Amino acid sequence: MKTLLTYLIIGTVFVVIETLLPQMPFGKPNLLLLLVLTLGLKEKVSLGGPASWLLGCLQDSLAGSTLGLFGLVYLILYLCLRSVAGHLNSESPALLLFLILAGTLLQGMVLIFTLGFLAEHGTYWRQIVAALPGQLAVNLLAALIFLQTSSWLRSHARHFGRKGGLS
Amino acid sequence: MLELIRKYRTPLLVVCLVMTALLIYSSRLRQKPDTTLFEKAVLQLTSPLLGGVDTATRTAGSLWRHYLWLIDTQKENDHLQEKNRHLRARLDKVREYRLENRRLSELLALRERLKFSTLAARVIAADATSLFQTVIIDRGTEDGLHEGLPVVVPEGVVGRILRCSAHQSRILLATDASSAMAVLVQRSRARAVCRGRGQTLVLDFALAKEDIAVGDRIITSGYGGIFPKGLTVGTVRRTQFNDLDMFQTVTVTPAVNFSRLEEVLVLLDSQP
Chain A
3 MKTLLTYLII GTVFVVIETL LPQMPFGKPN LLLLLVLTLG LKEKVSLGGP ASWLLGCLQD
63 SLAGSTLGLF GLVYLILYLC LRSVAGHLNS ESPALLLFLI LAGTLLQGMV LIFTLGFLAE
123 HGTYWRQIVA ALPGQLAVNL LAALIFLQTS SWLRSHARHF GRKGGLS
Chain B
40 MLELIRKYRT PLLVVCLVMT ALLIYSSRLR QKPDTTLFEK AVLQLTSPLL GGVDTATRTA
100 GSLWRHYLWL IDTQKENDHL QEKNRHLRAR LDKVREYRLE NRRLSELLAL RERLKFSTLA
160 ARVIAADATS LFQTVIIDRG TEDGLHEGLP VVVPEGVVGR ILRCSAHQSR ILLATDASSA
220 MAVLVQRSRA RAVCRGRGQT LVLDFALAKE DIAVGDRIIT SGYGGIFPKG LTVGTVRRTQ
280 FNDLDMFQTV TVTPAVNFSR LEEVLVLLDS QP
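These protein sequence lines map, in sequence, to chains A and B. With the working numbering applied, the first sequence covers 3 to 169. With the working numbering applied, the second sequence covers 40 to 311.
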């Protein structure tokens, strides 16, 4: 429960950041996708499934017009990744970049399918396809920053831990 | 005689000197404007010296003030820089107030022009994704808003309220792909449905035989129960049709710059 709450708090922070970013020509970075991919690599279905669905719903509350759309999309993404996570080296930083590429493409496909076949309006697919290259670039950039920040935080945590141990 | 002169040499010399001085002085009193040769020579001779001394004094003073005696300079510099920052911030604020005042004046003029009761709101956030076109405003159900109310700015239609909470509402912009509104071509009165396409708008169900030309103004028709009649939607940018099609493809440039929305008006009782 504590882990789920932590993911939701981080998700809330990410989604608020996304709303505060202005509309850019290449699209906004999808920070929640990073979180869903992390869930897919690290967390079991009992936690990761509800967490990814809730994260999607969180995004739906501040984007689009239908609650549950991103919930469904993120859940599908999570389940796809979870099904192959056992064969992947989750410690490799390059893996996250590859997953971002694959995740963005898969997200676009699932969105097109969901909006085109399940919703009454089907003209979003043009925008999704047109925005895909820009979205890929922005998401990759966000992933690189995420990796850099997390490695910096890890090294500093180790450094402070050592210092604390000495004193 | 010589003995006498030698004896009183000093008093005589004094008297002569005084007399000479008096004579010269009295003669100079009568010829005031002229500069004597002596004066000229002295001035000529002393001028480089005076200049040099003056320059040296000024340089020394300057060195002292600017490079040596700097006790208050840092403090004064800090104070001035702080003051400069404050003034710049104030200037920016004044500029921002002036622009806001202009926008609000336009909004007020629109409010007076419209026959409906309206509520002004401020845009506080954009959509969390770049796929959908929604914005969040700082008014909600507590202010009398509910889902479906139309939102406008002086340039034209913005969209309609999609979700409402107590103090915030989300607006579905006219450019979102799920947005649709009944419209009229102002010149020919041709009817169509205007749909969003991300950054532009398109007219659906515009019959191929209808007279629609580039530059035509598109306004709301009043049908559909959300937008009142006559609000500007945009201008026709491109028309395209072939003989086999029943409908023509019309691309419309929105009248509103959706990337620069700051203040909007919500029409509270707009039912046509």
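Do not take every clue at face value.
To be verified - Some chain A residues near chain B, calculated using beta-carbon distances under 10 Å:
#	residue
1	M26
2	L34
3	S63
4	G70
5	F72
6	L74
7	L155
8	H158
9	H161
The set of hints was computed from the structure by calculation and includes no laboratory data. Given the structure is predicted, the values throughout are model-derived calculations rather than measurements. Just so you know, even glycine gets a beta-carbon here, dropped at the ideal spot from N, CA and C.
Going down the list of hints, with the structure as the test:
1. M26: 7 Å, holds
2. L34: 8 Å, holds
3. S63: 8 Å, holds
4. G70: Hint on G70 (chain A): violated, closest Cβ of chain B at ~13 Å, above 10 Å.
5. F72: 8 Å, holds
6. L74: Constraint on L74 (chain A) not satisfied, violated at 15 Å.
7. L155: With a closest approach of 25 Å, the L155 (chain A) hint is violated.
8. H158: With Cβ-Cβ at 30 Å, over 10 Å, it is violated.
9. H161: Violated, about 35 Å.
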